[in-house]
Amino acid sequence: EPEVTQTPSHQVTQMGQEVILRCVPISNHLYFYWYRQILGQKVEFLVSFYNNEISEKSEIFDDQFSVERPDGSNFTLKIRSTKLEDSAMYFCASSDGLKDRSNQPQHFGDGTRLSIL
Amino acid sequence: GEDVEQSLFLSVREGDSSVINCTYTDSSSTYLYWYKQEPGAGLQLLTYIFSNMDMKQDQRLTVLLNKKDKHLSLRIADTQTGDSAIYFCAERKRGKLIFGQGTELSVKP
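Chains A and B, in that order, are what the protein sequence lines are.
Each residue of the first sequence is one higher than the one before, counting from 16 in our numbering.
Each residue of the second sequence is one higher than the one before, counting from 213 in our numbering.
These aren't lab readings, by the way, just hints derived from the structure by calculation.
Hints are all accurate, no fakes.
Derived lysine-lysine pairs resembling DSS-like cross-links, with alpha carbons at most 30 Å apart:
(1) K279(B) - K72(A)
(2) K57(A) - K282(B)
(3) K57(A) - K248(B)
(4) K57(A) - K305(B)
(5) K93(A) - K305(B)
(6) K57(A) - K280(B)
(7) K57(A) - K268(B)
(8) K248(B) - K72(A)
(9) K93(A) - K248(B)
(10) K305(B) - K72(A)
(11) K72(A) - K282(B)
(12) K320(B) - K57(A)
Computed from a predicted model, the values in this text were never measured in an experiment.
Pulled out of the complex, with its shape left as it was, chain A reads as follows (with noise of 0.2 Å):
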C-alpha cells in the first residue's frame, strides 16, 4: 500500500539553526499538510498546500515556517532560526485531490522528531 514517507526521522538542531524536514507524500495525491505534535500535547495543524501554494494555515505557522514543493516528489518544511519550543514530531499527510477533496481522508507519514538544543 502506498505510504508518505518522512526523512530524517530524528534531527537534532542547534537553537537558531535552520532546519529542513523532508516529506514524499503518495504519488497520486495533490494536497499536501504539515502538523506537529508538541510532547504530551494534541496534534496541531500547521499549514495545507495545493497546486503549489498555501491553502490554509495556521497561527503557528507564522514567517518562520516556509513549505515548498522543489520537484514532483518532495514536499519539504523549512524552519528558520529554530527555537527551543520549535522541539516537536512533525508530521506530513497528503490526500487525493483527483476526487471532490472534502471527503477524502488524509494519511501520515511516521513523522519526525525535532529536537532543538
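Since the structure of chain A is provided, determine the placement of chain B on it from the hints.
Relative to chain A, chain B alone:
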C-alpha cells in the same frame, strides 16, 4: 470553537470489547476520523464517518456518531494485545484536521 476531547486512558482485557469516546464542538464538521498510533510510528487511518451517517462498521471496528450530542465513539470488538496503542479522533474543518489528545488503550492478556 475548535475543541475535540477524549479520555486519556482505557484498560481492557484481551477478548473484551473496547469503547473509546470523543466529543467535538463544531457541528459543521463534515467528516470525523479515527487514527491509531503505535509506539514510534505515525498516525494510521483506521476509519472515518460522514456526518450524515450514524453508524459505520468495518470488521472489528464500529463507529457511532451522535450528531445532536456531538459524540463519536469507536468500538473494537474482541480486543487483542496488538490493539494496544493511542487512538485519536479528529474532526475535519475545511481542509484541516482538529485532533483530540488521544486515548491510550492498554490490553491486558
